[in-house]
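Asker: If you want the building blocks of each chain, they are given just below.
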Amino acid sequence: MKGLISILLLTFSFVSVADEQAEAIFKQLAPSLYQIRIIDKASGEKSTIGSGFQITAQGLIATNYHVISGYARYPQKYTLEYLDHLGNKAPLTLESVDVINDLALVKRQVDEGMPFFNIAENAPTKGEELFSLGNPHDLGMIVVPGTYNGLKQESFNDRIHFTGSVNSGMSGGPVVNKNAEVVGINVATSGNQIGFLVPHDKLKILFEQYQKRAPESIEQQMAQQLKFNQEKLISQLLSNEWHLKELGEALIPTIDVPYIRCWGDSNADKSDALVMVAVANCSLEEDTYIEGNFLTGSIEMEFRYMKSLKLGATKFYRLYQNQIARVMPGNKATKDDVTEFQCQHDLVMPTHQNINNKSIFCVRAYKEFPNLYDALYLGVSIDKDKQALISHFTISGVAKDSVQAFTKQFMESVSWK
Amino acid sequence: MEIIIEEINRSHKLIGRHKFANKHITIGRGYRNDIIVSDPHICAEHLSVDFDGENWVITDKNSINGSFLGDTKKLAHGHIIRSGDIITLGQSQIRFVFPDHPVPASTTLSPFESLINLARHPLALFISIGLFALVVAWTIFLNNPKEMSFTQLLVPAISMTLMFLLWPALVSLISHLTKHDARVLTQLGVSFIIYNISWVLDFIETVVSFNASSSFVLMPVLTLLPVSLAFCLFWLNCYIGFHMTAKRRAIVAASLTILLFGGSYLIQLSKQPDFTIKPKFNNVLMTPNFVLAPSSDVDSFIQKSNKLFEKADSKIDDE
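Just so you know, the sequences run in chain order H and A.
Residue numbers for the first sequence follow full-length UniProt numbering, beginning at 1 and rising by one.
Residue numbers for the second sequence follow full-length UniProt numbering, beginning at 1 and rising by one.
If you're looking for bench data, these hints aren't it; they were derived computationally from the structure.
Mixed in with the good hints, there may be bad ones.
Claimed, not checked - No farther apart than 16 Å at their CA atoms in a straight line, the calculated lysine to aspartate or glutamate pairs in the EDC-like style are these:
# : chain 1 : residue 1 : chain 2 : residue 2
1 : H       : K367      : A       : E310
2 : H       : K89       : H       : E45
3 : A       : K311      : H       : E340
4 : H       : K107      : H       : D84
5 : H       : K232      : H       : E286
6 : H       : K335      : A       : E147
7 : H       : K310      : A       : E147
8 : H       : K204      : H       : D158
9 : A       : K315      : H       : E368
Note that the structure is predicted; figures quoted are calculated from it, not measured.
All chains, full assembly: derive it from the sequences and hints.
Answerer: Written out as structure tokens, the structure reads:
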């Protein structure tokens, strides 16, 4: 009993120390914290809010790209402004973005040097206590304590796994250590105490680049970043070994990189099924957010093996045909973002001659970012009477050479056992 | 001097033909006339034609609505008749022909006609309708993802066949109403034979579109097949059901074809959204037996996609 009480007391004192620390940090940093608001010009009301924090005495403020994405894409529709801890509002200018790491730099007018956040030199250690600052749901600035849990596994672009409640509206807010140095930026949450942060070094790089030379046009900067990132991703995927895995009577490729994850399903439990179906789906569960429904940077591969149990070949193939008509792209980009898909088809046999496919390949171009495309491939086997393999991938925001190299590799990798 | 007088009703249809050897012929609604016309716009004593030893001359007997040359407003009174002249009285017309009026050369009984008559043979009729119903049932069976019993197929197959039966029935009805020979069985037989040919053409189109790659340029030509088949159907319907000149028959058949395909094309066009996110591609699949074309290799497939990227780029500038 005595032991229990002491544990309770210990916990209590720990919590109160954390609270005190949080309060001190908040008081000290409050003047450098802002709510960033995107105001719709026509209605005069705010359309997006987020948080931001000052990183220079001259008024440079860091926030998330997704907070200001509306303004970055349609500057004539919106205005950008901040709300400080005293309730003052004033306009901001957009200076630089990192669309891949979801960061943006905006700037306010300052008359004299102001307090600002220092960016940490080193990454925190696992288990270190951190404080996330921000303005969730427009409720006012708050501090949320939490723990650093290292970098997220299975992620192509680094994200910190933070155990603490990051809520919407806190996006763009800083996460600081006990010394009030910025170690990350709030970016996303996947519910219950799991938050994700952009590591501080990404902000540091963006800031240093900005100091050297401010970008001439945000659009060009974004196009360059998208292009560079897809090149890095695709070359990594192509240089890694592609393993072959069995799916029914077929062999399908899997890429041995941690950030591509696979899931599977089948109808083996249905005893009355006319067709046996097994599906494997591998994807990069990471998107680059551009604006609204326009996401890019994703890769998805799906393999569907089917074997007729009770159907004749003709009916099996007819149902197979109806099934492939339902293919849709991975994102919901609109007319403003992309062109319509252009498609080609042919009967194609890979070099190993082990499978004969009807191959369908479609591409659409990005309207704002030249030489980037979304591509969609569908290979349907046509050489077995009562078995079929659909090999399918969609890939978004990639250059022509990358798409073609990836498509070739993919087409050559699929075969029968 | 003999003269032949033809009665023509308001819809330009010949309803009577009379030959006279006397030199004075009267025409009117009264029963005393040589030709009695039951058109209410014609007077009891309307008109007479007289042979003066050299010519036939028209005399209008001060009729209320008058007599005119052909479709003109020229009065027919005192007109000297030439062979083939048409006079309009009220809503009707009469045509004068002399015995030496030339007639078109006689047409031989064509083997085509006997071929058409073959279609109305009960056995042929039974086979073509039965075949049609079978193909309908087969298509329904193929497109249903579940197992189906025979009776489940029977009902939709029969109702579909009855629906397609409506067209020849309608044509027969129209030809009956326009005082032509209805020839119901012939219309039925011919229509169902054409329907069955359309299954065959459809199959050929499917085989080609399954085998051909997207760079196959003749694909649009194949879509002309059903159009020309529809033209054949309408042409035969006219040939069987109505007496009309070859030119008129071609025009009617062409207009019906344009109406059918143009109409459905317009409906499709009106439903087309401004922008679709869904890719449109050829998804035709057939069993391995129908793979006729050689497969290309991956490299040439990728090579060909260069054009696709160009096309996508050009769409950016379009809008």
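Asker: Against this structure, judge whether each hint is valid.
Answerer: Consistency of the hints with the structure:
1. H/K367 to A/E310: Given pair H/K367, A/E310 holds - Cα atoms ~13 Å apart, limit 16 Å.
2. H/K89 to H/E45: Holds - the C-alpha atoms of H/E45 and H/K89 are around 14 Å apart, at most 16 Å.
3. A/K311 to H/E340: Holds: A/K311 and H/E340 sit about 10 Å apart, inside 16 Å.
4. H/K107 to H/D84: holds (13 Å)
5. H/K232 to H/E286: Roughly 15 Å separates the two Cα atoms, so the pair holds.
6. H/K335 to A/E147: violated (42 Å)
7. H/K310 to A/E147: holds (9 Å)
8. H/K204 to H/D158: The given pair, whose Cα atoms are some 14 Å apart, holds under the 16 Å limit.
9. A/K315 to H/E368: holds (13 Å)
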